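A.B. asks: Make the full structure from the sequences, and use the hints.
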Amino acid sequence: MDSTKKLITYEVAASIGAVNYITSITANGKEIIGDEPQSVGRQDTGFNPYELLASSLGMCTVATLKMYADRKGFNLGRIDVKVELEHNTTDKVATFRKSISFENKDIAQKDLKRLMVIAEACPVNKILSNEILIETTFED
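Under our numbering, think of the first position of the sequence shown as 1, with each following residue one higher.
It should be emphasised that the hints constitute simulated quantities derived from the structure, not laboratory data. It is possible that some hints are incorrect.
Claimed, not checked - Using 30 angstroms as the maximum straight-line C-alpha spacing, the simulated DSS-like pairs for lysine-lysine come out as follows:
(1) 92 x 110
(2) 72 x 92
(3) 98 x 72
(4) 98 x 126
(5) 6 x 98
(6) 72 x 110
(7) 66 x 92
(8) 82 x 98
(9) 110 x 30
(10) 82 x 110
(11) 126 x 5
(12) 30 x 82
(13) 126 x 72
(14) 72 x 82
(15) 30 x 98
(16) 30 x 113
Said to hold, decoys possible - Estimated spans, in silico, between C-beta atoms of each pair:
(17) 59 x 107: 16 to 24 angstroms
(18) 59 x 113: 20 to 28 angstroms
(19) 72 x 132: 29 to 37 angstroms
Keep in mind the model is a prediction, meaning the values are calculated, not measured. Just so it is clear, CB atoms sit at the ideal spot from N, CA and C, and this is done for glycine as well.
C.D. replies: Here's what the structure looks like:
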């Protein structure tokens, strides 16, 4: 491995049983439930896979903005982000649209410009903006 590369690994496990299509998703001793929506005949008891993907970007964005604001002493108040994921299956392009709002409406324009740069620098944003490789194997 190239010694200049920084490798960070995260592991999540997903398991599905007899109930279609409720999925237990675990990481570090925590669990969330994934499912498919009722519109496709499922239970709709949890986030669907696309919502989980978009929620990763949303959570990372608000957390990154909060860390930056805390470090700089900015009072942004509550930070909200809405993430829309549009998947064009014809040309195989996915578009994420993030809409960010701050409880504190009195933020200087120059600070808003910097906050936009910070929002786009969140680690999940960087991962989704770069090349993604998926390797699949079967375990014994």
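A.B. asks: Decide, hint by hint, whether the structure agrees.
C.D. replies: Hints versus structure:
no., hint, result
1, 92 x 110, "violated, 36 angstroms"
2, 72 x 92, "violated, 40 angstroms"
3, 98 x 72, "holds, 23 angstroms"
4, 98 x 126, "holds, 14 angstroms"
5, 6 x 98, "holds, 27 angstroms"
6, 72 x 110, "holds, 14 angstroms"
7, 66 x 92, "violated, 33 angstroms"
8, 82 x 98, "holds, 6 angstroms"
9, 110 x 30, "violated, 39 angstroms"
10, 82 x 110, "holds, 22 angstroms"
11, 126 x 5, "holds, 16 angstroms"
12, 30 x 82, "holds, 24 angstroms"
13, 126 x 72, "holds, 22 angstroms"
14, 72 x 82, "holds, 24 angstroms"
15, 30 x 98, "holds, 27 angstroms"
16, 30 x 113, "violated, 36 angstroms"
17, 59 x 107: 16 to 24 angstroms, "holds, 22 angstroms"
18, 59 x 113: 20 to 28 angstroms, "holds, 23 angstroms"
19, 72 x 132: 29 to 37 angstroms, "holds, 31 angstroms"
Consistency note: the structure conflicts with the earlier hints numbered 1, 2, 7, 9 and 16.
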